[in-house]
Every structure is written in structure tokens, then in C-alpha cells.
Amino acid sequence: MTFRIDILFFLTFSAIIFSSCEKILDIDTSQYKILAENYYSTEEELNYALNGVYSNLADGALYGNHMLGRMGLEADEAYEDYASDEYTVGDYNVESTDTKILAYWQSCYTGINRANHLLANIDNPAISIDSSKRLDIKGQAYFLRAYYYFLLVTRFRGVPLILKPIQNASANVIQQERASGREVYAQIVSDLEKAETMVRPASEVGNGGRISKSAVWGLLARVNLYLAGYPYYEQERYRDVLVYAGRLINEGFHELNPSYQQIFINYARDLYDIKESIFEVEFHSDGTGVYPTAGMVGRNNGIRNTTIEDVVGYAIGILRSTDYLYELYDENDLRRDWNIAPYYYNNDNNTAVITYWSPTGSKYQRFCGKFRREYETITPKLQSQTPQNFPILRYADVLLMYAEAYNEYFKGANAEALEYLNKVKRRGLGLDPNVPSPSTDFSQTNYEAFRDEVRNERARELCFEALRKNDVVRWGVFYDNIIVREAQTPQTFTSSYYVRARRYFRSVELRDEWWPIPSYEMGVNKKLVQNPGW
Amino acid sequence: MCLHNSVFGQPVRDPLKTITGRITDSATGAPIQGVMVTLLREQNVKLTDINGYYKIDARSRDTLMFSHISYNTVLVPVGTQKVINISLQESTKQLDDVVVIAYGKVRKSDLTGSVGVVNVDDVSKAPVPNLADALGGRIAGMQVSSNDGQPGNESNIVIRGGNSITQSNAPLYVVDGFPMDDFSMSSLNPDDVASISILKDASATAIYGSRGANGVIIIETKKGINGKPQITYNTYLAFQKPTKKMALMSPYEFVKYQLEFNPVDAEELYLNRAGKTLDDYKAVKGIDWQSLLLHVAPMHNHNISVRGGTGNTKISFSGNLIDQKGVMINSGFNRYQGRLNLEQKINKDLILDLKVNYSNDRNYGQINSEQASGNNSYATYIMYRMWGYRPISTRGNLEDLLFDDDEEGSSTLLIMNPFISTKNEFRQQIKTYFTANIGLDYQLPWDLKLNIRGGYSPRVTRNEYFNNSKTYRGYPGPNNSKGVHGGFSESTLAYWMNENTLTLDKRINKYHRINTLLGWTVQGRSTNLYAFEAIRIPVEHLRVRGLEFGNPSDVTSSASYSTMLSYLGRVNYNFKSKYLLTASLRADGSSRFLKNNRWGYFPSFAFAWNINKEPFFKRIHFIDDSKLRFSWGTTGNNGISDFAAYTIASLSDRYGIGTGSATPDYALIISNFGNRDLKWETTRQFDFGFELSLFKRRVNIEMDYYNKVTKDLLLNANVPYSTGYTKIYKNIGSIQNTGFEISISTTNVQTKSFQWNSAFNISFNQNKILSLTDDEKIMFTNVAFTSSWNSANLYVAEVGKPVASFYGLIWDGVYQIEDFDLLANGTYLLKPGITTNGWERNTIQPGDIKYKDINGDLVIDDKDKVVIGRGLPKHFGGFNNNFSYKNFSLNIFIQWNYGNHIMNANRIMFEGNITNRRGLNQFASYEDRWSFDNQDSKNFRTRGGGPVGYYSTKDLEDGSFVRLKTVQISYTLPRIIKTVKSIELNVSAQNLYTWTKYTGIDPEVSTKNSVLTPGFDYSAYPRNLTLAFGLKINL
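Chains as they are written, first to last, in this note's numbering: chain D, 1 to 534; chain Y, 535 to 1569.
The set of hints was computed from the structure by calculation and includes no laboratory data. For each residue, glycine too, the CB sits at the ideal point set by N, CA and C. Treat the hints with care, as some may be off.
Said to hold, decoys possible - So the derived list for chain D, only partly shown, Cβ under 8 Å to chain Y, looks like this:
1) A171
2) P258
3) Q262
Said to hold, decoys possible - Cut-off 25 Å, straight-line C-alpha distance, at most; resulting in silico cross-link-like pairs (DMTMM-like, lysine to aspartate or glutamate):
4) Y/K1386 to D/E177
5) D/K526 to Y/D1246
6) Y/K1261 to D/D432
7) Y/K1311 to Y/D1211
8) Y/K1397 to D/E86
What the hints assert, rightly or not - Residues on chain D that point at chain Y, a partial pick, calculated with CB under 10 Å:
9) L135
10) Y343
11) Y498
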């Protein structure tokens, strides 16, 4: 009889387990991880999510490292001298397997995905948030998505347009074909036009770290300017440039910083000047390397300094100039010796000693001096990280865009276009930008003369700001300029920087106007078609 | 005398007498019935009666043999004795005939599946701290390899080829009934192991359902035995040295090379400043960095065990201590371990067993195959610095200087003294394992047996590191933002489980026997990780104890949990032991899948036919056993991260908008996409086996052919980055493994005093990708080794081809003078029709490296890369021999691998100095290099290495080897002291000799090991040749 009771007990026990066991398989995952589906529910969470969309700009694949002199974005104004980047996109030995190109592609889409997640959740009425704040966040997300697509379309032309978070991982969802370049631009314009109505004016925002209406206008001007050039040639777009750049200028809020150098000293010192610097990438360092937000502005693209100390700060000095860029400047132009440093730092027993280049010596030796670590205030000055911000949109650029678009649209300049060009020029010469200087001001309104001047002025003003390749490509002169630069480069000298300069220019081919679609991406997305030439 | 005796006999002086005695079990003291007492001279046989008594007539010069199927045979010379009482020891041979399988044991002849049984005696002869290190080559179909010789390294065990491309291929371990899919063999004392079974085919593994796909290793530990306590003590003291050192350039050759490499500076440094001529360096001894960093290292091991039992209680207690110093200075491994196995009979139907294991092991020293810094990373690996560091001092004594200051910018480039930095390295990993496993066996009526088992097993891994200012990571160099820093992490992996099975073993009549098993189990697995780092620590000597003085830096925490619920059933039907059928079914529910895909069903079926039991077969008298086996079944895999079905976000990033230099704010990132459609991966396996025993079981042959197809592969799949994700877990892709295995064991010689047994096995496995992610046809993989090579695709996985093949350029020697036009100014210019090597045409010179131009475009680039080698061997196996002569025994074990390649990346750096490092020593093999005086050399000239970042056949080598893996000679002392049962002395050696064409340190290497990246060698920890002197005492 005892046996039976045991069995009975066992059977009852089993029955209980059987009926309740399945519950053991339901694990409350939210107790272990932040689930995306549960996030985006408070104002604070929306702000963190927005920060996430921004933070991708500071990724090492974009402005955090590679775009600072390591991807050939200086095109014909300078060249890369960095042993670690030999035979990569950095010296125009571009292959579709290039890891920096792949990382760039990936990083842009990572940012787009974060924006898509935020945009997909922001309209949830359950979130308790002031409606203007909600709109502001939404507008910034639209802007940033547009900006990531802009980074893509300027390098690859058409790319897959992904506007919502993916819902499943089936092939027909994750494999999307390339939209045309025009379609991508249309989406960018559409996103920016939405953002225009949502974000706050620059005067309210107060710093260049956050997107303001001015940033939207400026980017709309830039986007339309590019669409008006090669290879799209939508001439009517010049008028849109005038509209948006005009809106920004006529608002009257922005003005040029009287000192050209001060703009970049401000970046080094983490100071804002939204009147000049409309939108910039934020980097931060507290000297300990704790926060994952520090950058390499001034380290990659600074004046070479191999000394490890806290006075100047270590810099690889990747970017070296060309005779061409140097010769563009008038000798009174203060921008010349700021942008192209006349000295470098010699490591004398672990002290960085300013050592001047011979004034008659080759300009191919000189390093980019636009971003200088000696102005950083945060110590210790880490060797691999800097706190300097990097400009994406400056007021000077807007003035020059207006001037260029006017001249292109009306096939000749007017007084307004001349004035905008001259404001930039005067500041470069150390003059008051707003007071005419007949002896130095440019005065020709002839289409071609003005076009050439405004193009040269862009090089003088905006060199090393990762804009040059965009400019020469949209002007349709990328390859021609490179050929000239190659011919100008001394052919016989054997110093390593000459060897690198020659390799840089000699490696460029016509196809290098655009990057290839990364071969990895081609491998996992059969719907993609490669760019011509690869 | 002998001849005389045998011819004439001595009947008068040696009359027949009656010998009596009693035979008992040595362990229990119980009498043994049926022992054969044989008078060898006349082959007379008597049997012992029920009380163990016998009676036999013999002469004084006779020898009696006492034998029984379950006991070791004993020979006793009669001499003057009239009463001969013997206590027999239970033989292990009997155990061999019973095979431990899933949820039970079965007689080998009744086995329907493919199961390999490890000979624990043979394996235990290897002087290795981790049992897994001795398993390679022992069982057909089981490949065991370790990445390199680093002490504390875990072995990778793959059974019948890898099923998975991105996920783990490790088998499921079932230790005393406790299944664990992430088990560490190092927690196990080799001396505790009673049996190891390797379940290979689906019939054997399907009862483990979800986790059987990669094969199952069942380990049983030794239990207590009834009788007087048996105390054993085993120890060995061993000495280890590297199996090989690399031959490097002598000071003379080094200086000669430097003068070619950088004539101006080298002349100043080595000749002018040193006041020497090149020839003077022939007399310079130089610094042998290899001897400074590699030494003969001791290891000692102690095992003690007490096993006994009285009536209802059986107990086994054992402890182990091992201390292994590494052959590299400041590295090593040690372990403290204890186990208690207790079996308590509570009443005649109820038995309780308890198994508790505790182990604490620690490995320390820097990891050789890891880079110490991301910048110039190739130069931060320790073996690189050991081989490449300058062998001569020019100023001061190089041995005492942290940097080689005569080399420009050495502190920037971190050309750091390998000896000083290695001595200063502090990193250790301490693993603490605890397993408690309790079971109840309840004998119910109607031949039903209930088994309830519960267990809990946490494993805590603690990592500590401290980088002081004399180490690579801690020196305040250009890329070190952390200064002197250190950290700590603690991760816990814990399993709990409950298994309940009901078995019915019923013999219906003489012919039919049915054994059924029904059960259900629940299990959980949790992981926790907590870590922190402190940087800029102002105190060095306290090491990790001084973390509190630094700035807090990186804080990490993560946790995860998964559960499984399963129902299982199995039926074995046995007809006259002639026809055997097994069918099983398991249903598994896993928390890793969402509700609609949660359950997987894994059936199997097997049939075996003991042909020799057929009447027609019995006439072939030399065949003892002959069995055909056939099995088919499916197994599953849920080996993905616990929350792969959920989209996870994280706040690990920061961004400060308009905050200036204030602390930036949190930034949300989307870290992985949750695939809600994930479901079980299934492997369908078909196995056909044939077993044969010949000549009174002196020859045993077992052959198996199998075909495994894994579908719905749980692949951490490459997805288009345009999705915003890099990888997504998907059920996609399919892979096939087919293979053939042969095991042969023979008794070659069996005489009274001399025995020779052999065991041989060989395995052939071929894997093939049937499909990859969506339309992906080809998948490339790189290894992270150093910047310029990190993006070079070294491995390719292509549909229709093996999972990992080497991929690269085909090396074509060097450019010869006839490839060039001699220009008027005396320089050479490559002829127009000759392909460049990737360098610009006008820079290529005679003696530069040359590659084959596959696509014929006269330029070497990625398009000229092809498949250049195999990642996995064509076949592998082992050959074991046991000889015993009287009290001596000799074990020789040979292991081999055939047909795989190894990328010897060390040669990239040390056979030509392709990264053009000044003052970098080279392998002696580069003394022979191309020059105008040595145009026959295949090695490119000084500075002629071509572009960096290419892998080619130049450095790809045949990785085949035959290795004299284990040799042991042992001698059992004659029994002198009554209280001591036996004393054995032994000398054993591990990795004694290796026959290979591989020029690196050791061909058993894979420093970046994964399914996709086998056989890469860069800065591998040397493998040891171990010589051990051992002693075993049995009380």
C-alpha cells in the first residue's frame, strides 16, 4: 500500500509541474535589458534618443576620425601623409573592399536607423511632452537623417532609401535596391523642409551644437547647390540656394567673427559662436578618456608633433598642403599661415620646439594648421583624443554659397554677391568684414571672373573642412584639377612626403569622383548595382 | 636444468598434492563463485563453489591460474603451499563491455548508436593539467585542438565536423547526469574520471534533443565501492620546455642586414659609434631574448583519493592540486580541486546519491596571441618583440633598458624591452566552479524505476589586470590615454536543472526485452558580468589593490537568463540480442524563441543487427561479433544569445549638445535587432556502422559513415549595413558534413608475461556549405592581427565549398634581372609586359617579391586572390600502443593531422621585415635572400617585400604533422609491505617529438581560432615538451 501512495504522490506532483512548467519559458526580458519597444516614453528618453542620432556624427568612421584627412576629401588642395593609410582610400588607392569606406557607409546608416526609430516613436500621444519640444526633437531627427543621406549621396550617389525601422529580417525587407541620386536628394530636401518648420531659430538655440532653423536653411542651400552642379545640373536649384541662403542672411542674426583664427581657437576651447559657426560636431574630453565622445580634430589634421607632453599636444599631422593652395593666398591674407602652418614641432628631448620651415622651401612639407592643439585648454592633452569641435556649416560658407548661386543663376554677379564675397575676403585680410576696402575688394561682375574668384575664395576660406571634394566634383573639375596637381608635384625628389604626394595624385582615376559601393554590401544585397568603373 | 627437468620430469621429488583455498572479491571480501582454477601444465580446470572454495591436485612446480570474466587473472606458483587463498580484483575489462549512454548504460553488443568510449587508463597517462589536452586522436570523429600552448587554455572539441558557422560547435557535456553546454574540462580532475563516452550519431544524441546537434560527451566520475577504504596517492613532478625555438640571425648577420636595410644610419650606429667592423660582429655573442623569456618550467601534481563503503553507504572523496609554471616567464596555471561522491541506500528500494565538486583554478601571464595595443599592433605581441628585439647593445646594456633608445622614436613606437615588460605584466584569471548534483533512485513495482535528479552549478570567473608603467598598455605613450591602469571583472555562469525519468526494463520472455524511458526536465542558465576599470593610478606597487586611488573609468554590467523545458521518451527493443531497435523523441521548449516558434521536436530511429547471432554465420569460427548499425535522427540547436528575439537599446554612448566642456549627456543607441521569427536549427544525421570482432576478440574493427545536414542554421548573419545593423541572428543557410571513421583495436601479443595491445583510429570529415545568408554566395572573413592586414580577406566560405579555405595571392618568387630593361643611367625598369606586385612600376627592382597575375591585367590587387589552402585537415587520428612485460608497462601514443594549411604570419614579419622596421631582427631563414650575388634565393631582397596587407602562398604552410604525443614507462614494485597494495613508478613524456614540414614553432596552432578562421599562427604561446616523473601508491 505504501508503494501506491508514493506513486500517487509522484503522479500528482508531475501533474502540477506539467501544467505550470510552460510558464518557466516566459522570461521578462525587460528586467535584463533596455528594450527598444519600451523606450521612447518620456521626454528625457526622447532627448537621449536624439543624442544618439547626433552622436553618430562623432563616430570614428565619420567626423570622429576618418573624415579628418584620411579619406581623400581634400581632393586637390592637399594630400595625405600617413603610413598607416597607405594603399587605402586615403591616398586614392580605392578598392571596393576598403574598410574605411565600408565603415563610413555603415556609420551613416547606423545614424539613419537611430533617426528612424526616433521618428517612428515620437508621435506616440502617451508621451508626456510639450508639443513644441516634441516638434523640435522631431525636426532635429529629420535634419540628421537628411544629413546622413547627404553624406551618403555625395560619396556614392544613389543609395537604398530606408525611412522606417525594419520589421523583420527577411531578404525582401533587408535587401533594398539603390534609389537614384535624385531620389535621395529629393528625400533630403523633403526631410529638411519638414525640419525647417519644427526647429527653433538660431537665436533661441544659442550654440552651434544643436540644429537651428539657420542650420536647416544653410544645409538646404548646400543641398540645392550640389543638385545644381555635376552630375545633376538642375539649374533652377540655384534659385533655391538664393532663397534659403537669403533667408539665413536676411534674418540678420548671423555675422562673421572678426578674427578668422578665433573661429578655430573657439573650437579648440569648446567655445560657441553660433553667429559664425552655425552647426558643428561636438567632441568632448575631460583629459581622462572616460567619455566615449572625444575626437581627433587637431590630432589627425593638426601640425605634426611627436612629442608627448601637455603644452602643445601630440598630433600625427596627416594633411600636408600643396603649392597650389599656398599660392591661392595673397601674402597679406592671414588665413594662409593659419591654414598652412609655417612651422612644425620638433621633438627635442621630449619638448616640442617650434621649428619654422624655410620660407623658400617646398609647401608640400607644410601641415594643415587650421586645427591647433596648442589652444586646447583641457589637460592632460591625450595623445589619441582631443576635445575640439569640427565645423559642418559656417556663416562664411553661406555667404559664398549665395554669391556663387547668384552668379550661376544670373550668369553674372551683382553688388550683393560681390559684397558677400568681399565680406569673407576682408576678414581674411584682417579687415573689418563690413567696411568696404576698395583696394582689396573684388569688383568684377563678369560671370567667369566672378565664378573663378568665388571658387578660389571657397578654397582659401574652407580648406580642410571636408568640403573640397564636394566642391570640385560638383563643379565637374575633380579629375582635371587632380591631373594638374599631379603635374605640379615635383617628380624627382625622393623625400617621403613627395613620394606620398605623387602617389596620392597619381592614384586618382576618373571613377574616383564617387566611391564604390562596398563589396561587403554588394555581397549581402544582390539588388545593388556597382558604380561605374569598379 | 630446465631442459633436463622437462625431458625427464621429477615425479618422485615432486608428488601430486591437493591444493585448497577460497577466492574472494578484493573490494567486498565476498566469496566468488565460478572462478576457473586452471592447472596450466595440464589445462585441468576446476570451478569455485558458491562459497568460493575450490580443490585441485597439483605439483610444487606447477602454476595455477585463477580467472573469472569479471576479475583480473592471477597466476600463482604452487611451491610449498597447500592452501592458496586469493582475493581477486575486479577487472576494468568488464566495464569496457558496458557503455555509458544517455540516461543509462547498455552492453556494447546491444548498442544501436555510434558511441566512442575513451580508454580512461590510456588518457590518464598523459601528464597534462587538463584532461581535454589528452583526448586528441583518441576517438574517431572527435577533433580536439587547442589554440596554442598557453597554460590554462581550454581545448576546442568538435565532433564530426562543425555544424555551425558563426555559433559554438562545442558538444554538450553531461557530467554525472548534469547537462551543461558550456562546460570547462579544467574543472575536472583527470584522476576522478571513471568513463567518458562520446555520443556521435543522432540515435545516441537525439534524446538530448536541442543540444545534441554538436555531439554529446558523457562523463561519469568514480564512485565509492563497498569494502575496506582504498586510498590512492598519485603524484608527478614534471619539467616543461618549448618544443622548439626559432633560429634567429646572429649579431653578424643582423648587422649585415641592417647595413643593407639602412646603410647610413646603421653604419653610424653599428660601425662608427661602436668602433667595430662588420667582421668584428662574428665574435659578438649577442643577447638571446628567447633564452631570457623561455625557460624550463616545473609542474607538479598531486592527487589523493579515498574510496570505500560499508553496507548502505558508499563514499568517494578525492582532491587534486596542480601547479604548472609556464615555459614563458611570468605565466602559469594552478588548480585546487576536491570532489565528494556519496551514495546512500535509504531502504531497499531507495538510493540517494550526492555529487559535489569544487575547483578553483588560476591562470596568469599575458596572453601571447593577444595584441597589447591597437597601434602598430603587430609589434605589441610578445613573441614579435622576443624575436625581433635587437640582439646587440650599442649603448648601455639593452637588457636593462626599457626602450631601445638607439632606434629613432622608440618610445613613441613602443619598441619595448620584451623581458622587462613581460616580467611586469600582471593579469590573472581565477575560475571557481562548484557543482552539486543530487539524485534519487526509486525502485517501483512492475519493474518501474524512478530517477529524480537536481543540480546547481555556478562558475565564477574573475579577471584581474594591472598595467604598470613598464608594460605596453601602461607605459604613458602616445596612444595610452589611461596611464597606469587596472581593472577587475567578475562573471558568473550558473546552471540549474531538474530531471525526472521513469524507466521500465522488462524481459517479456526468453526472446523479447523492452526498455522504455519517459521523462521531463527543466533547466535554467543565467549569466552575470560586472566589471570596472580605474585609470591614471598613482600607485604601482599595490597593483589591483591600488585601484581605489585611480580615476574610475569603465563600469560594465550585464545579465542574461534562459530556460528550457523538455519531454523525452525512448524505447529499446531487443530480440534475442540479435535485432535491436531504438526509437526516441524529445520535445524541447526554449525561452530564447518567442511563443510561436518555441517548441522543437527531435525524433530518432536506429536499428542494429548482430549478424553473428544468425545460425548461418556461426560457421565462420574466426568471427566473434559482427554488427550492422543504421540510425537516423534529428537534433537541434538554440545556441544564440538569450535575448536575440528582442531589439535591444543601450545608453553606452554619450553626446553633449551645447554643453561646451561640461560632461556630455547620455545617447541612446540601438545595439541589435530582435528577430522575432527565430526558431530551432535542426541537424539531420544519418549513420551507417559496421562492427567486427575477430580471432577471439583480439581484433575489433568499427567503421562508420555519416552524413549530417544542418538546416535553418542559426547564423549571426551578415546583413546589409543599410538596415542599420551589422549582424542579425537568422535561421538561414545550410551546411553538410559527411565523414568516414575507422577504429581498430587489437591484441597483438598475449602471453603470460608479455602483452601488446594497439588501438588505431582515423577520421575523414568533409564539410560543405549548401547555402548562406539569403543570396550570399561567398563570405569573406579576416582576422584581426594588425592594421594593414586586418582588412585583407584571408578566409573564404563559398557555397558548395568548405566552411573555411585560405584565400590570397599566389606567390611567384622574386623578379629576376631578365624581367627588367637596363636603362642608360644604370637603373632597372620593369619590362612593360611584366605584372607589377602592387607597387608602382618604376619602383620595382630585381629581387622584389612577385605574385601571380590571375586576371592578367598586369597589376596585382584584390582581383588576383584565389583559394590557396585548406583550413581543416583531410584526415586525423591516433595510434595507441600498450606493452606490458611482467611489472613493466609502456604506453606510446601517436597523433596526427593531415592535409590542412597554416598561415604562418610570423614569417610575414620575420622573413623580410615587410613593414620596414629599423633594427628588427629576423629569422635565420632570411639570411638567404636575393641579392645580385645570390640570385637563386626565393626570399625577396632587403626592402623588396611589396605592398603591405597581402597574404600569399609564401607564408602558407602545410600543417600536417605526426606527433609522438604521449609516452609512459611504468614499473610496479613487487609487493613488499603488506599494507601497501601497490606502488607504481613511472616516467612519462608529452609532445616528445613531432614530424612536420611546418617551419613555425608548432603545427598544432590556431591563434585566432573560430569555425571561419582556423590555422592562423601569430605570436602563439609555445607548446611544451613535458617530461614527468610519477609515483602512484595504492593503500
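These are the hints, each one checked on the structure:
no.	hint	verdict
1	A171	4 Å, holds
2	P258	21 Å, violated
3	Q262	16 Å, violated
4	Y/K1386 to D/E177	36 Å, violated
5	D/K526 to Y/D1246	21 Å, holds
6	Y/K1261 to D/D432	55 Å, violated
7	Y/K1311 to Y/D1211	23 Å, holds
8	Y/K1397 to D/E86	19 Å, holds
9	L135	17 Å, violated
10	Y343	20 Å, violated
11	Y498	13 Å, violated
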